[in-house]
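Both chains come to you apart, so use the hints to assemble them.
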Amino acid sequence: MHTFAYARPTTLAEAVAILDEHGPGARLLAGGTDLLIRLRDGTARPVLVVDLKRIAELRPAIREEDGRLVISAGTVMTDIAADDTVRRFFGALAEAASVVGSVQIRNRATLAGNVCNASPAADTAPALLVYDAVVVTEGLSGIRRIRVDDFFVRPGVTTLGRAEIVVAIELPMPARKMGAVHVRRTRRRGHDLASATLCCGVDAGGVTRLAYGSVGPRPVLAVDESGVLGDPAAPDAAKAPIFERMFADASPSPRSMRASPDYRLAMLRVLGTRALRTAIDRLAQA
Amino acid sequence: MSEMVRTIPIELTVNGRRRALEVAAHHTLLEVLRDDLELTGTKECCLVGECGACTVSLDGRIVDSCLVLAVEADGAAVLTVEGLAGGGRLTPLQQAFLDKGAAQCGFCIPGQLMSALALLQATPAPTREAVEEAIAGNLCRCGGYEQIIDAILAAAEADER
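These protein sequences, in sequence, are chains F and G.
Heads up: the first sequence at position 281 corresponds to 281 in this note's numbering, and the numbers run straight through without jumps.
Heads up: the second sequence at position 97 corresponds to 97 in this note's numbering, and the numbers run straight through without jumps.
These are computed hints drawn from the structure, not numbers from a lab.
Take these hints with a grain of salt, some might be off.
Residues from chain G shown here face chain F by an in silico Cβ test under 8 Å; the list is partial [unchecked claim]:
| # | residue |
| --- | --- |
| 1 | I8 |
| 2 | E44 |
| 3 | L47 |
| 4 | R61 |
| 5 | L67 |
| 6 | A134 |
| 7 | A136 |
Which bits of chain G does chain F cover? Going by a derived footprint, with three or more residues having C-beta under 8 Å, they are [stated by the list, open to error]:
| # | stretch |
| --- | --- |
| 8 | 13 to 20 |
| 9 | 69 to 82 |
| 10 | 102 to 108 |
C-beta: ideal position from N, C-alpha, C; glycine also.
Same shape as in the complex, but just chain G (with noise of 0.2 Å):
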């Protein structure tokens, strides 16, 4: 197809700050946070929405930024793993998966951040089992769960005292 790509306006707050911006119909809001936006801490991995990497909250929930088309998240709030750490200190998750040396090659660690996010918010006291299910759709090729799981219990618990 010849015809140009038409674009089209979309306004949306990324980790606290208004974006204007003008997006292509068929791209994802994965490819806007990191190509338009330069986030590239959320991750491109399987395309397909079983791996997690892109996980990022939209309005509050966290959803894989790759089965989200960028339009479709005009007017949204959408949070991503740069909006976690603030003034220069991490957040307590974050720094519970750097102690239990969660993060190995890292690649899935932004997504696995995000998803143990919207659990501790949820469910502020999780049981093991329910961490597994919460990061059962952030996949680790490293094979490093038992040490996520552990940091997320861990801040969970950092949090209860």
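Bound-form chain F, shown alone (with noise of 0.2 Å):
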């Protein structure tokens, strides 16, 4: 691994000035899982590594507050997980914390991590469009509350502007039911990166939320306000066009080596249908 300086501020505001004064010399580090594999092979060579863990403001915490769960940027995936309100009200981003990586991984991934990382591939981004998560910014001009739709751009690419940082991931707290899962596509069971990751919300209102990754530049959310998708009555005929118009954001890269286009966009459909009848099942049984 290439050298660099290490800053460890305990405080946002240090951070922030950390940030702005070394621009893009400086990584910050969370959980590490993926930037450290980045430093070791060169893809990213910072001047300066900032480790968020020691910062008050980010520490490890999932609180409601105001019609908000709040998630720390410092919490991890196990904690996310294993959390009694992330499994009631958002089951499909609990199911989805608990299957990134390995156990090893879970105890040092953070959601926000995650979510800056960028990754098509990110096992909680469907289900953070889903949920219509809102990423939480602080930077020099205070502030920033961005929906995560809005916050991904392409690989490794976001929103996040100049030496600002993100605090916190919060979720609305559903103000109808919703039946919702996560489910993916893997090469093997265990620890592996999705071939196509989905998430399906359908909610007590009739709207269905379809959220995917693994098969374009970003994460995809496609919405259904018709009410047929999400009726269990409806026929096939009525949803078989509304089902397809649902991926018509997919475009898989033929460069990837886990899976070929033409099986991504198959096993899409496939994950899609699988998780809209389970959310709709769970939703009659919420």
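Okay, here's the thing in structure tokens:
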């Protein structure tokens, strides 16, 4: 690994000032499960690594606040997957967090890091899109709240500004009952990246939200407000064209090594069909 | 870069013993355990967090030590495979690995033991499926998974009795 300096700020203001001073030469370190790999293979060559884990404001915490569930930036996948409130109201996010990497990775990897890394295959991204999550950031010009759908741009690129740090991910507490599920396709059971990753949520108002990743440069959200997809009594002939439209933005790269575009697109529909059925069942049970 | 690499003082507890060290920022916990503290039970293998040969416990949670900078472990308590047996006696988990023939080449075993220990501490009577999930981050190139899983289940059962 090449050499770099290391900073361990204890306040957010200090971290923002360090980022402002060093610009793109500084890289933020949360769980490190992606950054350490990139530091070692040389695809990231920062002058300075800024460790966020001693910053009081970012300490691991999941709390309800003004109708939102606030997951602080330091919170790791293990704790999200095990949290009672997440499991009760945002079950598909708990499911997604519980399949990221391995136990070792989940003990270290943060949700905020997963979002900032902006991998098209990020398993938590579809669930965050379905639950309409908000990325809360803090920088020189204060606090911003960015809808997660407006946060992802392309692999490794987000709308995060210069010297801006993600402080939390917020999930609006559901206004209506929702049934939701996360599903994915991997090459092997266990520790693997997804060839297709998908989340489907159907709410009591009939709205179906379908989000998927690993089939294009960024995770995609599609919403059906007609009520047809979420209606268990609607005929298949009515559902089929709407269901097909939901996948219009899937555009898998032919260069990816995990699966061919044709396979990914075929699996996306299989996963979507299964997830829609499960989401409807879960809504009925909710 | 000709600039001298600056070191950072850290203090951590490794297998119950307080250690004060000077580490370079770009050195991983794995490198410091093996090269500076000469605890070579923890293995270096894939270096991308897939194989689990470098698994250690950090403040009670298992991590891939190849993905942790040594400076990040400042102030932490680290447990490595060397910290398991005491007074010349193997732990029941280690004994079960021997009894079930879980170790073939043995290279993955330190990591498997750390993952198994973390599982049994959290879930004293796990299902076979839970064991599989617990060691999903530990690859065994000899393919000795069945014996490893049997050993973990046997250790859990012995503990129940």
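If any of the earlier hints don't hold here, list their numbers in rising order.
2, 8 and 10
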